[in-house]
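2 protein chains.
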Amino acid sequence: MDLTVSISVHKSVPFLSDKFDLATVYVSDAQYNRNIFFDTSPQAVRLYLLYNHWFMQMLVYVFIIINLALALFEDPAVVPLPIWATSTIEIICLSAFTVRMVHYAKVIPRDKFWKDPKNICIIVILSFIDLTIYGALKATGYFAIRWSRVLRPLLLVNVTEGRQLRRAFRSIRNALPQISYVFFLFMFSVLVFSLMALKLFGKRGLLTIDGSPYFTNYLDIVFDLYVLVTTANSPDVMMPAYNYSVFFTVFFILYIVINTYTFMSFFLAVVYNNYKKYLKEEVRQLVKARRSKMCRAFSLLQETRGEGGEPVVTQAKWNHLVKLVKPNISIAHRELLWSVLDDQNKGHIGKIAFVQLADLLSIQVITVKSQPHPIQICFPSVYNSSVSRFIRYMVRTRVFVYVYDLIILVNAVFIGLDEENPVVSNAEWDCVLYEILLSLSLHLNDQFFLFAAGGYTSRQILDIVFILRVVRLIRLVDSIKRFRAIINTLIKIGPTILTFGQLIVVVYYIFAMVGMELFKGKVQFFEPNSTSPDQEYCGNPLLKGTTFAKLNYCKNNFNNVVSSFIVLLELTVVNQCGFTAVTHVSARIFFVLFHIVVVIIIINIFVAFILEAFLVEYTFDKSDLQTSLEKKIEELEDGVDTGLVDAMESIDNELGPSETGKQKPSLMFKIASRRSRTVDGLLQRMFETDLRHEDFNEEEEPENINFSNPVFDSV
Amino acid sequence: MDLTVSISVHKSVPFLSDKFDLATVYVSDAQYNRNIFFDTSPQAVRLYLLYNHWFMQMLVYVFIIINLALALFEDPAVVPLPIWATSTIEIICLSAFTVRMVHYAKVIPRDKFWKDPKNICIIVILSFIDLTIYGALKATGYFAIRWSRVLRPLLLVNVTEGRQLRRAFRSIRNALPQISYVFFLFMFSVLVFSLMALKLFGKRGLLTIDGSPYFTNYLDIVFDLYVLVTTANSPDVMMPAYNYSVFFTVFFILYIVINTYTFMSFFLAVVYNNYKKYLKEEVRQLVKARRSKMCRAFSLLQETRGEGGEPVVTQAKWNHLVKLVKPNISIAHRELLWSVLDDQNKGHIGKIAFVQLADLLSIQVITVKSQPHPIQICFPSVYNSSVSRFIRYMVRTRVFVYVYDLIILVNAVFIGLDEENPVVSNAEWDCVLYEILLSLSLHLNDQFFLFAAGGYTSRQILDIVFILRVVRLIRLVDSIKRFRAIINTLIKIGPTILTFGQLIVVVYYIFAMVGMELFKGKVQFFEPNSTSPDQEYCGNPLLKGTTFAKLNYCKNNFNNVVSSFIVLLELTVVNQCGFTAVTHVSARIFFVLFHIVVVIIIINIFVAFILEAFLVEYTFDKSDLQTSLEKKIEELEDGVDTGLVDAMESIDNELGPSETGKQKPSLMFKIASRRSRTVDGLLQRMFETDLRHEDFNEEEEPENINFSNPVFDSV
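For the protein sequence lines, the chains are Y and U, in the order given.
When we follow full-length UniProt numbering, the leftmost residue of the first sequence carries the number 1, and every step to the right adds one.
When we follow full-length UniProt numbering, the leftmost residue of the second sequence carries the number 1, and every step to the right adds one.
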């Protein structure tokens, strides 16, 4: 038992604290996959620690969000604010970014700073935004186009924390040449088909449903056929030709098979292929950099103590390091990690074991303390009565859980039924009562809660309670093994959807800014109870009699940033546009460009990611390290390694003496389900089998050389 | 040189012809991936050869097409024929199928025949169709529903030749369990979202654009949200909620992200995963069966002649076999194949070389005979003049080709421009003239021809000529290396699209038959110059004022089989339906079912196929065998193996003595580009790296045991 050692460390033996600081930085950089080439002087290291402090990082994001949110208050605004107010806020934000920038410049060597394109990018953006604000202030604010607003979201990409977002953009950039080849061929195909369409239909004097000539202008045909690829105008574009003759449908069938299905699949294939290829390389680099950092941390703390004179790190130093890296780690958890690494109880670990620390720290372990049931504390006699025991036994059986789930299911059906019917209404109440009773007896400690407080008179509240309880059904589905892999994938891609969310925000923001300048005020929305005669055609006489106005799409406009975002969302789903009628035919360029960027590129990357994540979830199982950690935890639960359990319990002095007999230990660990993983973790796991072996061999290279940022300096 | 041997074979040495018949059957079965368990008695083998004759196979397909085409003439008909006529034709078709069936039963052992589900399937279909025809004839033909027509396309699947189609169906069937799990979760998600929608929007008294209450009926909501997944009703379904409050869009954004994007990607992932997994297994089986058949052919012809007493096949026997398998093969081609197999000029080949024959035969080799230019023959002095030589030199340069392509490109632009303008019109003529001149001097032997005949007065003909010449642009694009991989994939998937085409025809046919029974006559189409007042609402008062009628979709009906197919195509692209208005709400089931079968399953399989084909094209290069064949051909061209060339030329007695000097041999081979491959070949190549090694080892198993049909008997 190395327990005494770990306690003596607790008393803080005077180590060379600078070395520990540096080692801490290396380990936490490895853990969070940071790749900043910082100065290793003690002062710079302390500055770097401050730079990476969660509060500072949060602050940067707060300022970015404020800066982006300014679009809500600037003309065209949702809530208009005077120009001096928005400008002041923007200048404050810019100052904050500048301070952060200066801080960063102090942390890394000067020459590295000026070589990193992302810094130069930020500086350029800052100065441009600054200049435009100045210009806008000088001008009376009426004719000044705040075109620098387009650059704002780029800050989100270029701040140090935007690693994942930068990776996504790099992934797009890498796929671009391949995509462009396919795109060229695709456009070539569209152009040739358009030419054929012109020759086939142009001279027949056909009319569209609006009464305008059908397929007579080449550029119009190109646009119409491009939109057909998005399936937005699917039967409409074909109808005049079809009404004329059945044989013309052959043209459209060919077009749809070749362009809508085959070429769109090609885009997906190219994106998927590139996604796999480049991402794998990036993750490989990431793993390499991480290992290299851990090796450097190891070399800072190593001693030559082992049998063969090999360098090792003692448990004392390791404990101190872990405490610095993760200050709020419980002693028990730390001991668990040590016992995983030091499998043979030597009291020190070698390099290969040490390197695993970063991975181990990113596996979330929950310390579970078994608490007695409240009834057991207050009324021990009642709790231990035979009736109570029978209830507890019943509750633990599977049948009971099924019955419980069934009631929820029945309940869900009742919610869907017409609730005006008193029978249904009463049935719902019965369900609620049943459920409350069951919940009490189950003493369910899970995430599904019950609004047991008052205020039940309001129907609306009851509805919300019902809906929340329907979510309970997900658990029912999750308990079926077949569905778990699917739900696991769903949950795992959650964090990545956040990265895609950021990506989408950046792209949407840029398009929204451009769209607002182009189309603001062209389409007006009138409240439903308005009596204005303009309501019929969205306030623009050009829209009189168009489908756009008829379908009441008036709120689909670019009059403020919120509605712009919603229009762009609609364009993502189906690329329909009624904006050419109110401006100019060239407005189509905006919509085609948006379709290329968002649907062809970003959505395909999203699909590629889901495809790969799904295939990984189906083919791979847990990682090696996690398996060994789980095995250790299982051993603990089975009481095999009881020495460790006892030790932990005596350390964790909040706990009383452990219960005797065959009862389970009161302190237990649980891996916080394989679901709560970081994006990097998931990516790493995707290519784990390929990476696992090669990189350990490569790590035998010289250690103390400076490693450049292999991945992130090439934006 | 084994030349004398091959010539002596030519004189037809008396071999045991039965053995050769059987070996021929084995080799051609291996070549075409047939997997029929036939009787090996000489009589049955001869029957089997007849069964596989191309004429018999073609005849079956002709009858199938006639049988399927009957839908054009049966009520509801495109061209109505009396019921006795269609019934007679159908009975003739059914008799043909029966004859084919009996023939098949004679070829294979009786017990195998009754165990094969596809035969039983055909018999059942035949009897049912027969019964219904009888019934329809007995009844006066008015109230009889010809429901057996739904079964007709199944004949296409179950005939012996429908191998690829059966494989596609098996691939679907194998993916079904996995798809159904995802589908269950997807439907669960849709149902939960619908419940939330009901609670969120149901009580607010919102109205849709038609003025009907918005989101008040649970089943309507489920349907609307399901359609939202197909993106068909994208902004419309959201607009009332959006007009009420911006915050409600959060619900739709969540819904679209989860259901439209994530779940639809899951479907693709599941289909893709299964596609890869099962197809690989099937192709493995296919390769195994093929090798096994070749081994059997080998054991029929083998002699113990080699050094170590190993069994070999002599060139004489081999030549005879190849002539039987491929009667129209040129002697030169045969010699080429032999020289590839018998690399060391031994005069006999072992088993491993023999097995490759089936693969070698499926590589198409073109024999090119260099012919002198016609001018060279008629006016040798003109041809050899310095001017002519200069022209010939010029024409061969790259620059010239580029200029030629540029002219076509400019021409294409002119076609797109307004041709009423006389300048443009003249320019077009100039282009044509240029091109004719260039073509003459180029003496282009390629596929792109020029309508040089008269009749140029008609504008329409000129247009067609122009369009045909625009196709020439594809060659221009193809000459750029970057695009070739993409175009290669496009061309390669061509034959497979035919399989998918058959699959689509089967599914469409079934849905069209059902759709016609459900919706025939509900929607009427009136010719544009009709004056009927019903025209406005497609002849059905229920459609008065609906968007369906307004957008003039009247021709989208189920009134005959052609328009049914077109409606189904439109539903594939965008699942919009106006048929619930004219019939019943339950008609939606038809459309949802169609969407599930066609879009979720078949289209995804198509996308999965293209994805895989594209990735293969990008990652793999030629197969080993093809490489060795190509190497041999290159050697021939370089004159390394001149002995062989001389031999071939002296055999091919149409040719004069070969030219002397360093000129290229006048007889050359070309592999007919890697593009013209069979579907099976492409599939095999997809998994070649995995298959290449394992199967050669497995082939050491006992040879003469009966092998069952591993793949095709499990329909």
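To be clear, the hints were calculated from the coordinates, so they are not data collected in a lab.
Mixed in with the good hints there might be a few duds.
One copy or two, either will do: identical chains are not told apart, so a pair holds if it fits within one copy or between any two.
What the hints assert, rightly or not - Below, in silico cross-link-like pairs of lysine to aspartate or glutamate (EDC-like), each with a Cα-Cα straight-line distance of 16 Å or less:
| no. | residue 1 | residue 2 |
| --- | --- | --- |
| 1 | LYS555 | ASP130 |
| 2 | LYS555 | ASP236 |
| 3 | LYS351 | GLU310 |
| 4 | LYS520 | GLU310 |
| 5 | LYS277 | ASP224 |
| 6 | LYS277 | GLU612 |
| 7 | LYS550 | GLU612 |
| 8 | LYS326 | ASP75 |
| 9 | LYS550 | ASP210 |
| 10 | LYS522 | GLU612 |
| 11 | LYS106 | GLU612 |
| 12 | LYS19 | GLU612 |
Here is what the structure says about each hint:
Taking CA atoms no more than 16 Å apart as the test, LYS555 paired with ASP130 passes in neither setting, with 33 Å inside one copy and 60 Å between copies. With identical chains, the CA atoms of LYS555 and ASP236 are at most 16 Å apart between copies only, with a shortest distance of 12 Å across copies and 24 Å within one. Taking the closest pair of Cα atoms, LYS351 and GLU310 come within 16 Å of each other only inside a single copy of the chain (9 Å); across copies the shortest separation is 58 Å, beyond that limit. Taking CA atoms no more than 16 Å apart as the test, LYS520 paired with GLU310 passes in neither setting, with 71 Å inside one copy and 86 Å between copies.
Taking CA atoms no more than 16 Å apart as the test, LYS277 paired with ASP224 passes in neither setting, with 35 Å inside one copy and 39 Å between copies. In this assembly of identical chains, LYS277 and GLU612 lie within 16 Å of each other by CA distance both inside one copy and across copies; the values are 12 Å within and 15 Å between. Taking the shortest alpha-carbon separations for LYS550 and GLU612, neither the intra-copy value of 43 Å nor the inter-copy value of 44 Å comes in at or below 16 Å. In the homo-oligomer, the alpha carbons of LYS326 and ASP75 never lie at most 16 Å apart, since the shortest distance is 46 Å inside one protomer and 79 Å across protomers.
Within a single copy, LYS550 and ASP210 get their C-alpha atoms as close as 13 Å, and across copies as close as 10 Å, so both meet the 16 Å cut-off. With identical chains, the CA atoms of LYS522 and GLU612 are never at most 16 Å apart, being 43 Å at best within one copy and 46 Å at best between copies. In this homomeric assembly, LYS106 and GLU612 never come within 16 Å of each other (Cα to Cα): the closest approach is 40 Å inside a single copy and 50 Å across copies. Neither within a single protomer nor between protomers do LYS19 and GLU612 lie at most 16 Å apart by alpha-carbon distance, with minima of 41 Å and 52 Å respectively.
The structure fails to meet hints 1, 4, 5, 7, 8, 10, 11, 12 from the earlier list, while all remaining hints are met.
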